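Build the full structure now, drawing on both the sequences and the hints.
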Amino acid sequence: MTSGKKYCLVLLFLRILFTPSSHGNQVVLLDTTTVLGELGWKTYPINGWDAITEMDEHNRPIHTFQVCNVMEPNQNNWLRSNWIFRQAAQKVYVELRFTLRDCNSIPWVSGTCKETFNLFYHETDESHGGAFKPAQYTKIDTIAADESFTQMDLGDRILKLNTEVREVGPVSRKGFYLAFQDIGACIALVSVRVYYKKCPFTLRNLASFPDTVPRVDSSSLVEVRGACVDHAEERDTPKLYCGADGDWLVPLGKCVCSMGYEEIDGACAACKPGFYKAFAGNIKCSKCPPHSYSYGEGAILCHCEKGFYRAEKDPPTMACTRPPSPPRNVLFHLNDTCLLLEWSPPSDTGGRRDLTYNVLCKRCGPQPGQCQLCGEELRFVPRPQGLTNSTVTVMDFSARANYTFEIESLNGVSEMSHFPRPFTAITVSTDQGGSAPAGAFMVGMLKKDWASQNSIALSWLEPDLPSLNVVDYEIKYYEKEHEELSYSSTRTKAPSVIITGLKPSTCYVFSLRTRTSAGHSAYSPKYEYETTDDTSDMASDQGQVLVIVTAAVGGFTLLIILTLFFLITGRCQWYIKSKMSSEDKRRTNYQNGHALPYPGVKTYVDPDTYEDPAQAVHEFAKEIDPTRIRIERVIGAGEFGEVCSGRLRTPGKRETAVAIKTLKGGYVERQRRDFLREASIMGQFDHPNIIRLEGVVTKSRPVMIVVEYMENGSLDSFLRNHDGHFTVIQLVGMLRGIASGMKYLSDMGYVHRDLAARNILVNSNLVCKVSDFGLSRVLEDDPEAAYTTTGGKIPIRWTAPEAISYRKFSSASDAWSYGIVMWEVMSYGERPYWEMSNQDVILSIEEGYRLPAPMGCPVALHQLMLHCWQKERSQRPKFIDMVSFLDKLIRNPSSLLALVEDMQCLPDSPGEVVDYPMFISIGDWLDSIKMSQYKNSFVAAGFSTLDSVAQMTIEDVRRIGVVLIGHQRRIVSSIQTLRLQLLHEQEKGFHV
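For what it's worth, the UniProt record's numbering labels the leading residue of the sequence shown as 1, then goes sequentially.
Any given hint could turn out to be false.
[As the list claims (entries may be wrong)] The list that follows gives simulated cross-link-like pairs (lysine-lysine, DSS-like), each with its CA atoms no further than 25 Å apart:
1) K91 <-> K160
2) K91 <-> K139
3) K793 <-> K871
4) K313 <-> K284
5) K198 <-> K91
6) K362 <-> K448
7) K174 <-> K42
8) K871 <-> K808
9) K888 <-> K930
10) K653 <-> K622
11) K888 <-> K743
12) K526 <-> K503
13) K653 <-> K602
14) K174 <-> K198
15) K272 <-> K284
16) K174 <-> K139
17) K91 <-> K114
18) K808 <-> K793
[Unchecked claim] Label pairs and their calculated CB-CB ranges:
19) D125 <-> A269: 46 to 52 Å
20) G40 <-> S220: 22 to 28 Å
21) R649 <-> T490: 27 to 33 Å
22) D674 <-> M855: 37 to 43 Å
23) E669 <-> E623: 41 to 47 Å
24) R328 <-> I498: 41 to 47 Å
25) E669 <-> I283: 37 to 43 Å
26) T490 <-> G386: 36 to 42 Å
27) E619 <-> S932: 55 to 61 Å
28) S974 <-> Q875: 17 to 23 Å
29) I498 <-> T356: 34 to 40 Å
In short, the hints are calculated from the structure, not lab data. Model, not experiment: these values are computed from the prediction. We treat Cβ as the ideally placed atom computed from N, Cα and C, and that holds for glycine.
Take a look at the structure:
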């Protein structure tokens with residue numbers, strides 16, 4: 001045995017430190033550390049690699065292969081594995097653990113010693129035994145050690161293993177061989193592990209997803225549809241996407257537990273006895289309602305106890321109920337014309353509120369048992385069946401007769417009971433009146449005092465009733481041409497009345513009765529009186545003219561007094577304003593407690609800093625005379641009231657279309673303050689892409705905010721209604737307008753906090769304007785400061801991660817929201833993150849997921865979106881930069897031709913930012929790599945297009961004057977990337 005061989009074999013007696021590896025989502029095809037018998041690998045030549053097997057401290061075999069022929073030149077030693085079945089793998093990973101000796105530590109070694117070895121593979125559909133032809137094998141890589149050992153390490157007898165992993169694929173045959181070539185190194189191959197990655201079986205949202213092998217193309221995801229677990233059903237199709245690293249991404253849809261089952265620890269468990277669940281969904285089982293039960297498991301409904309029922313329309317969550325007890329305390333009041341029955345509700349309503357009453361009438365003879373049902377001659381007002389009030393009036397009964405009235409109470413389950421319905425009966429004899437004779441206190445003649453086109457005045461003499469007090473009078477009237485069944489009535493306490501709302505030239509029939517403490521009298525005889533026509537009103541109109549003339553004279557006098565008053569107060573106002581002018585100048589340069597950076601710069605002032613919020617409204621918003629506003633129609637509903645469209649009339653100008661927000665009645669002062677706060681904010685802005693405030697109405701009712709009218713409404717609805725109708729340039733123009741408005745707000749130190757397409761309004765010229773400042777807040781002068789608050793709702797899908805987690809809002813969080821708005825615009829109003837729950841959205845963003853580009857989205861726009869969604873807010877673009885970038889795109893429409901779906905260099909994972917070329921000129925490209933100092937050099941040398949730059953070599957770079965080595969390397973590396981990107985675009989027929 002040579003001395004070189006001894007250097008290698010000594011490793012068998014050394015203690016080797018294994019570093020454990022994670023096998024979480026890996027399927028192992030081969031692991032030499034787990035093989036109990038001999039491996040049986042082939043060596044060529046026979047005296048090249050040595051197979052050594054030793055037992056570790058746990059009495060498990062350790063298979064190693066060693067070679068150390070460093071003293072002999074021209075080494076070509078091969079080691080070949082057995083045939084490895086690939087199973088479902090499309091790409092496999094080979095993990096090698098080995099030690100390698102430093103050639104410099106071996107004495108007397110010549111230049112033949114190497115510190116690397118080569119890894120090969122060969123695919124076949126079946127094992128071909130001992131035949132080995134190196135020419136058939138494909139090289140995977142040359143393997144080098146990160147750490148090599150020396151003679152000193154041998155003395156310590158502890159060596160660290162080198163671990164290298166290489167990818168092999170795509171593999172398509174049934175199996176493959178691995179081969180290791182030594183060309184003169186001192187190596188110990190300690191273990192070989194071959195595996196492939198998969199997304200393992202998992203349960204998510206009550207759906208199971210099977211083991212899934214990723215695609216070879218690491219840029220594409222495998223969509224996997226889940227199967228609902230037992231006793232669950234689909235609410236939305238459950239989906240997961242299998243990533244290249246064997247990780248599940250982007251959960252969509254879900255399953256919900258079926259009726260009678262609830263979710264417990266990711267499974268659907270049956271409801272316990274005494275509980276039920278009547279609807280499918282992720283809700284818990286509920287305890288049975290009162291007077292109901294369930295004895296078995298998985299109940300979808302609780303059954304009612306004996307004597308209790310549930311109506312057909314009762315929800316299963318409602319308690320079982322029973323029929324009511326009979327009515328109580330039935331009384332009657334009788335006079336010559338009517339019989340009034342009244343009673344008290346039952347003592348037990350059965351647990352329901354749908355209580356009604358039926359009245360059954362029987363007419364009885366002088367002998368007991370001689371009763372028969374009343375005929376149709378009796379009239380019940382309002383009706384005998386289905387009464388909701390505990391009174392009924394009976395009319396047209398016969399004198400000197402005995403009537404028995406049975407009053408029964410019912411509810412929604414009375415029909416379901418098998419027991420007789422309970423009722424209360426009362427017998428009334430009509431040969432006796434009430435407390436006084438029927439005509440004892442009838443009034444005298446009903447006299448007409450005067451009549452007009454729509455009114456008749458009546459009066460009468462009070463009855464002489466020394467022992468009774470008159471409570472009031474009831475006047476019944478109807479048109480003579482109509483039957484008495486349809487009549488009107490009115491009451492008065494005075495012996496006169498004016499009946500209004502009558503028809504001209506129409507005869508009416510009137511009758512009167514009195515009500516005292518003893519009851520009602522009979523109605524008086526009927527009197528007929530007629531209203532007048534138009535010509536007969538002239539006499540009465542003379543009196544009205546006199547009243548009008550008197551009012552006009554009084555009004556003219558009041559006008560003169562007011563004119564004198566305003567002349568006097570006008571002088572006082574002028575004096576006050578002149579005294580305040582110096583104070584106003586001081587306030588112009590000092591707002592919100594901070595001096596402005598320099599005169600003329602406008603800074604946002606938070607209305608909450610005013611002690612009296614009304615002062616902020618009056619300072620920033622103009623008061624409008626409500627008579628100048630004409631409301632035409634209601635166009636929507638806001639948080640505080642209706643939103644209307646209308647016209648605003650301004651003296652000396654044409655009427656303008658406006659939108660009017662109104663504050664609904666019954667508000668409290670806090671609601672009024674919050675309503676007008678938005679006007680205090682809007683009144684400070686003046687920009688073509690910010691909604692313009694026309695003024696407010698605060699001194700009359702209703703309180704109103706008047707803004708310019710945007711014909712096309714909110715941007716999200718407008719885009720959904722015009723899906724696919726606009727060119728890319730038009731959409732970019734909309735985005736540019738929104739960015740310009742947000743730049744203006746950012747420059748004023750103002751944070752919107754609720755930037756979304758629903759809060760962008762569009763006019764008839766497709767100009768987009770930022771609106772809805774209800775969630776907005778102010779920033780301090782420090783540009784890095786962020787407003788922090790607690791409580792309140794946050795629009796999760798549009799909000800930056802730091803704002804969701806820590807309530808930190810800034811212009812950078814508005815930039816994140818602007819990226820979502822861009823996605824909404826390019827997808828024509830699609831809902832961000834689709835049907836994912838808010839919690840799933842938060843988790844997905846935390847894991848690095850970002851929205852993919854909508855169909856037809858230019859590469860440059862999606863790249864801007866991804867920059868807006870950087871996790872670190874300091875890395876997000878400023879609005880001034882976004883406006884500049886969008887302007888460049890508009891000036892160079894060809895830069896929008898490259899679409900995301902046509903790019904081949906997609907990200908490896910959904911959260912990875914693709915290095916799309918955001919530059920559209922030489923200057924932009926140099927700015928992106930921070931080499932802008934060479935712009936003039938490139939232009940002077942004739943490199944004026946990106947195509948010409950892509951053809952440059954290192955000599956070209958040196959020739960134009962780039963002398964620093966670091967700058968040369970940066971530019972050449974970027975040129976190589978640019979060349980690949982342009983090549984992809986040209987293959988797809990596009991050109992930046």
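These are the hints, each one checked on the structure:
Taken as a hint, the K91 and K160 pair is broken in the structure, with Cα atoms around 29 Å apart against an allowance of 25 Å. The straight-line distance between the Cα atoms of K91 and K139 is roughly 16 Å, inside the 25 Å bound, and the hint therefore holds. Taking the CA atoms of K793 and K871, the gap is near 22 Å; set against the 25 Å cutoff, the hint holds. Distance hint between K313 and K284 is fulfilled; the C-alpha atoms sit about 23 Å from each other, no more than 25 Å.
Pair hint K198 plus K91 holds up; C-alpha atoms about 10 Å apart against a cutoff of 25 Å. With a C-alpha separation of about 43 Å, the suggested pairing of K362 with K448 is violated against the 25 Å cut-off. Under the criterion of a C-alpha separation no larger than 25 Å, the hint pairing K174 with K42 is consistent with the structure, at around 21 Å. Between K871 and K808, the direct Cα distance comes to roughly 13 Å. Compliance with the 25 Å bound is thereby established for this hinted pair.
For a cut-off of 25 Å, the pair hint linking K888 to K930 stands: about 19 Å separates their Cα positions. Taking the CA atoms of K653 and K622, the gap is about 17 Å. The hint holds against a cut of 25 Å. Of the pairs offered as hints, the one joining K888 and K743 holds, with about 17 Å between alpha carbons and a cut-off of 25 Å not exceeded. As the CA atoms of K526 and K503 are separated by approximately 19 Å, the hinted pair is consistent with the 25 Å bound.
With a CA separation close to 28 Å, the supplied pair K653 and K602 exceeds the 25 Å bound. With a CA separation close to 18 Å, the supplied pair K174 and K198 stays within the 25 Å bound. The suggested pairing of K272 with K284 holds, with an alpha-carbon distance near 11 Å, which does not exceed 25 Å. Restraint check for K174 and K139: the C-alpha separation of about 19 Å stays at or below 25 Å, so the hint holds.
Simply put, K91 and K114 have alpha-carbon atoms about 30 Å apart, too far for the 25 Å limit, and the pair is violated. Straight-line distance between C-alpha atoms of K808 and K793 comes to about 14 Å, which keeps the hinted pair within the 25 Å bound. Remark: the range hint 46 to 52 Å for D125 to A269 is upheld by a beta-carbon distance near 49 Å. Between G40 and S220 the beta carbons are some 39 Å apart, a value that contradicts the proposed interval 22 to 28 Å.
The hinted window of 27 to 33 Å between R649 and T490 is violated, with their beta carbons roughly 44 Å apart. Range check, D674 to M855: about 41 Å between beta-carbon atoms, so the 37 to 43 Å window is met. At roughly 19 Å, the beta carbons of E669 and E623 sit outside the given window of 41 to 47 Å. Range check, R328 to I498: about 42 Å between beta-carbon atoms, so the 41 to 47 Å window is met.
Between E669 and I283 the C-beta distance comes to about 40 Å, which sits within the given range of 37 to 43 Å. Between T490 and G386 the beta carbon distance is about 28 Å. The supplied range of 36 to 42 Å is therefore violated. For the pair E619 and S932, the supplied restraint of 55 to 61 Å is violated, since their beta-carbon distance comes to about 46 Å. Between S974 and Q875 the beta carbon distance is about 20 Å. The supplied range of 17 to 23 Å therefore holds.
For the pair I498 and T356, the beta carbons lie near 39 Å from each other, so the given range of 34 to 40 Å is met.
When held up to the earlier numbered hints, the structure conflicts with 1, 6, 13, 17, 20, 21, 23, 26 and 27 and fits the remainder.
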